[in-house]
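Once you have looked at the hints, place chain B on chain A.
Chains as they are written, first to last, in the working numbering: chain A, 741 to 1329; chain B, -18 to 216.
These are calculated hints, taken from the structure and not from any lab test.
Among the clues, some could well be false.
What the hints assert, rightly or not - Computed footprint of chain B on chain A, listed as stretches where at least three residues anywhere in the stretch have a Cβ under 8 angstroms from a Cβ of chain B:
| no. | stretch |
| --- | --- |
| 1 | 807 to 818 |
| 2 | 974 to 981 |
| 3 | 1142 to 1149 |
| 4 | 1163 to 1171 |
| 5 | 1190 to 1203 |
Said to hold, decoys possible - With the C-beta cut set under 10 angstroms, the calculated list includes, among others, these residues of chain A facing chain B:
| no. | residue |
| --- | --- |
| 6 | Q792 |
| 7 | R794 |
| 8 | P826 |
| 9 | R829 |
| 10 | L941 |
| 11 | F1105 |
| 12 | M1106 |
| 13 | E1228 |
By construction, the Cβ of each residue, glycine as well, lies at the ideal position given by its N, Cα and C atoms.
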Amino acid sequence: MVQVLKSTDAVIVGLGWTGAIMARELSRAGLKVIALERGPDRDAAESFALPQIRDELRYSVRQELMQDPKVETVTLRHRLDDEARPVRRFGSFLPGDGVGGMGTHWNGNTFRFLPSDHRLRSHLTERYGAARIPDDMTIQDWDVTYEDLEPHYSRFEALCGVSGKAGNIAGKIQPGGNPFEGPRSGEYPNRPLTPSHANELFRHAATEIGLHPFPAPASNASAPYTNPEGASLGACQYCGHCDRFGCEANAKATPMSTLAPALRQTAGFSKVTNAYVTRVLYDAKGKRATGVRYVDLRSGETYDQPADIVVLSAWVFGNTRLMLQSGIGEPYDPRSGKGVVGKNYCYQIQPTVQLFFKDEELNPFMGAGGLGMVVDDFNGDNFDHAKLGFFGGGYISLNSTNGRPISFRPTPPGTPAWGTKWKQETAQWYRRTASVLCEGTNYASRTNALDLDPTYRDMLGQPLLRMTYNFTPNDRAMADFLLGKAAEIGRAMNATVVAPQPRKGDFNVVSYQSSHNTGGTIMGRTPSDSVVNRYLQSWDAHNVFVLGSSVFPQNAGYNPTAAAAATTYWCADALVKKYLKDPAPLVTQ
Amino acid sequence: MLDRRGFMVSGGAFALAQADAAAVDSGTNIKHDGAEAPKNTAADPLYALTPGEAEFLTAVVDAFIPADDLSPSGSECGVVVFIDRQLAGAYGAGARLYQEGPFQPGNGQSQFGPQSPLPPLQFIQLGIAELDTWSMANSNVPVRQLAKPDLNTLLQNLEAGKIALPRIDARAFFSALLQLTMEGFFSDPIYGGNRDKASWRMIGYPGLPATYSKAIKQYRGRRYQAEPRSIADFL
Chain A
741 MVQVLKSTDA
751 VIVGLGWTGA
761 IMARELSRAG
771 LKVIALERGP
781 DRDAAESFAL
791 PQIRDELRYS
801 VRQELMQDPK
811 VETVTLRHRL
821 DDEARPVRRF
831 GSFLPGDGVG
841 GMGTHWNGNT
851 FRFLPSDHRL
861 RSHLTERYGA
871 ARIPDDMTIQ
881 DWDVTYEDLE
891 PHYSRFEALC
901 GVSGKAGNIA
911 GKIQPGGNPF
921 EGPRSGEYPN
931 RPLTPSHANE
941 LFRHAATEIG
951 LHPFPAPASN
961 ASAPYTNPEG
971 ASLGACQYCG
981 HCDRFGCEAN
991 AKATPMSTLA
1001 PALRQTAGFS
1011 KVTNAYVTRV
1021 LYDAKGKRAT
1031 GVRYVDLRSG
1041 ETYDQPADIV
1051 VLSAWVFGNT
1061 RLMLQSGIGE
1071 PYDPRSGKGV
1081 VGKNYCYQIQ
1091 PTVQLFFKDE
1101 ELNPFMGAGG
1111 LGMVVDDFNG
1121 DNFDHAKLGF
1131 FGGGYISLNS
1141 TNGRPISFRP
1151 TPPGTPAWGT
1161 KWKQETAQWY
1171 RRTASVLCEG
1181 TNYASRTNAL
1191 DLDPTYRDML
1201 GQPLLRMTYN
1211 FTPNDRAMAD
1221 FLLGKAAEIG
1231 RAMNATVVAP
1241 QPRKGDFNVV
1251 SYQSSHNTGG
1261 TIMGRTPSDS
1271 VVNRYLQSWD
1281 AHNVFVLGSS
1291 VFPQNAGYNP
1301 TAAAAATTYW
1311 CADALVKKYL
1321 KDPAPLVTQ
Chain B
-18 MLDRRGFMVS
-8 GGAFALAQAD
2 AAAVDSGTNI
12 KHDGAEAPKN
22 TAADPLYALT
32 PGEAEFLTAV
42 VDAFIPADDL
52 SPSGSECGVV
62 VFIDRQLAGA
72 YGAGARLYQE
82 GPFQPGNGQS
92 QFGPQSPLPP
102 LQFIQLGIAE
112 LDTWSMANSN
122 VPVRQLAKPD
132 LNTLLQNLEA
142 GKIALPRIDA
152 RAFFSALLQL
162 TMEGFFSDPI
172 YGGNRDKASW
182 RMIGYPGLPA
192 TYSKAIKQYR
202 GRRYQAEPRS
212 IADFL
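Next comes chain A alone, as it looks inside the complex (with noise of 0.2 angstroms):
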């Protein structure tokens, strides 16, 4: 039996990074809103703290703070005829759990996209001619330019009390900073990290080169800091469990760290957590939604949210899997490349290099989820890709990130797996290591794409989403490239030993590489091409909005926080100053 609960002005479905922004700005703006949360919450103070939270085991290994794919997981196939298997644990992405999401145990990566990443198609065509953009390269532009977004960006950085250097202050170069990058209304709220020993021997290896390395910008404040909503963060500890990780120092900025106190006093909001929302309930007559349908999985009861807004802020699978449960646009069919909803699927390419230095001591332990060191030089289209055989690019940055020794060992190649052996070279390599790792665009495929599965379910029955997914020519030709400049860097690091790691064969789930997932709910200019507008807001629902990155076309060469964070700023703005006032959708055709 469903019980019907009493109306609210907004829903939220999934109370990450976008959800929480969305939340605080419907609820300032007056809103009542309700946010539905799939996981539990969590208080930092009691969860996160010393000296459990250094648990490697616990929650890097066994992934404690993570989805748990018993409830639900997505399925694989490489192909369209092959048939899919399901990811019975998570490896290559960790998708998040809980309040604050991915957001509690990212590492907190915050670049901004190149101005031409937000329009990709018209820059390349305009660089280089339409002709030269293969057919099933289904690429677009996100019909929000970095101009229209730079503000919003502006207040991500702010609210997270980025640490960074700028590179382009208002069309001036800075020195330091990344000169690639799309003019910025001001510097970072808070000064970079400080380099580790081996940050500074990429940094010295790629000026020498005639690169232009900068400081990653990093949500870890540098220095302890009072953002715009009231909330304090705390210096960042150096202490090598940030990615998969709760922050004890609270000096990572989270939805928690930098939302929750000022969302507790903001009389509007709620939040119901353990609820699984399992679909939006859609007037496909009216082109609106009355509410959604969730499940308290700790009690098994099934409730029905109505409300006059719902937000889909439930990352790049469950946007895209509620859309397709509910009915809510045309499902795209990659034979016939009609429909939008589960197109343009994309993901991160990331190559890596591996360092052995025979006389540094590196202290690799020693590290913050941000700290890296830098170069833009051929990420997006930075460099001229005329004579070159694929688009796009990536960052090439060398991170301290961490040493934990259950999954951080590396040694050269060749060396065995076990035995003696392995023990002296993991005992004479392991302080001495660092990777050199490419962020790598990923450019849309007309193959690539979400459904849902014919045949495996989640814990309610329902259909899992599946994945069809594998690098293209494009993909594997640009990684040749930027591991051959990652290697360049790393020996003009004078490393002993420079080994490449080219990924081979069919996209690999087991082995992680990047939680950067994108697509499946693009937005774009018309109906036919995207699911939301440049607003986010549903074209076949006007009162549905989808944050995160499921609304971008296609992923660029970086980490994919902070564009999520400034296109829901950006939608917001639009919902508060527009459509409160005018129900309606927000583009016309």
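The following block gives chain B in isolation, referenced to the frame of chain A:
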């Protein structure tokens, strides 16, 4: 070396050590002085595995982590105790593992991860039985009685996919054995492995509290050395 935050934490641990000078690691009876190599004695209770299965694992983890100047052997470091406890708990029962069918064998395609219907405890137990059967058929002895060079050869062949077992994905079984061994060797000693922080000493990992806001600069290019400390040292 420690900043204020680290000092406060270590101060607490110091007070604890004063109160109980004979502090021991829970369940391991190992003193913290590190002078004596810890032993995996018969006194360690088994929670999930049979004695025979524990002997199988002792042989395997000691092949993976042989005793030498760098550390005692895997079993001496408590790795079998660790594996037994993991398999006896939520992990062994299949926590955070999607177990709905249909189950399609991996067919050597490792991109999907193991597709077995078995939770880890039953998976490891079946693998042990299967490999023992294989060993009996090929060498007339179970795995735990193989001479060390023969055991090493067997494990190398298993790792390389040269051994097929009728009822289990042999390579997935090998991967699970190696992964559990490394987890037991390198995890915090609170789980029963890594006794006396042997692996952390081997590589120079200092453990907790890991507060390096000043050290990150002070030790740039120099080795940071400290007596490794476990979660248990701060309770």
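Going through the hints against the structure:
{"no.": "1", "hint": "807 to 818", "verdict": "holds (count 6)"}
{"no.": "2", "hint": "974 to 981", "verdict": "holds (count 7)"}
{"no.": "3", "hint": "1142 to 1149", "verdict": "holds (count 4)"}
{"no.": "4", "hint": "1163 to 1171", "verdict": "holds (count 6)"}
{"no.": "5", "hint": "1190 to 1203", "verdict": "holds (count 3)"}
{"no.": "6", "hint": "Q792", "verdict": "holds (6 angstroms)"}
{"no.": "7", "hint": "R794", "verdict": "holds (5 angstroms)"}
{"no.": "8", "hint": "P826", "verdict": "holds (5 angstroms)"}
{"no.": "9", "hint": "R829", "verdict": "holds (6 angstroms)"}
{"no.": "10", "hint": "L941", "verdict": "holds (9 angstroms)"}
{"no.": "11", "hint": "F1105", "verdict": "holds (6 angstroms)"}
{"no.": "12", "hint": "M1106", "verdict": "holds (4 angstroms)"}
{"no.": "13", "hint": "E1228", "verdict": "violated (23 angstroms)"}
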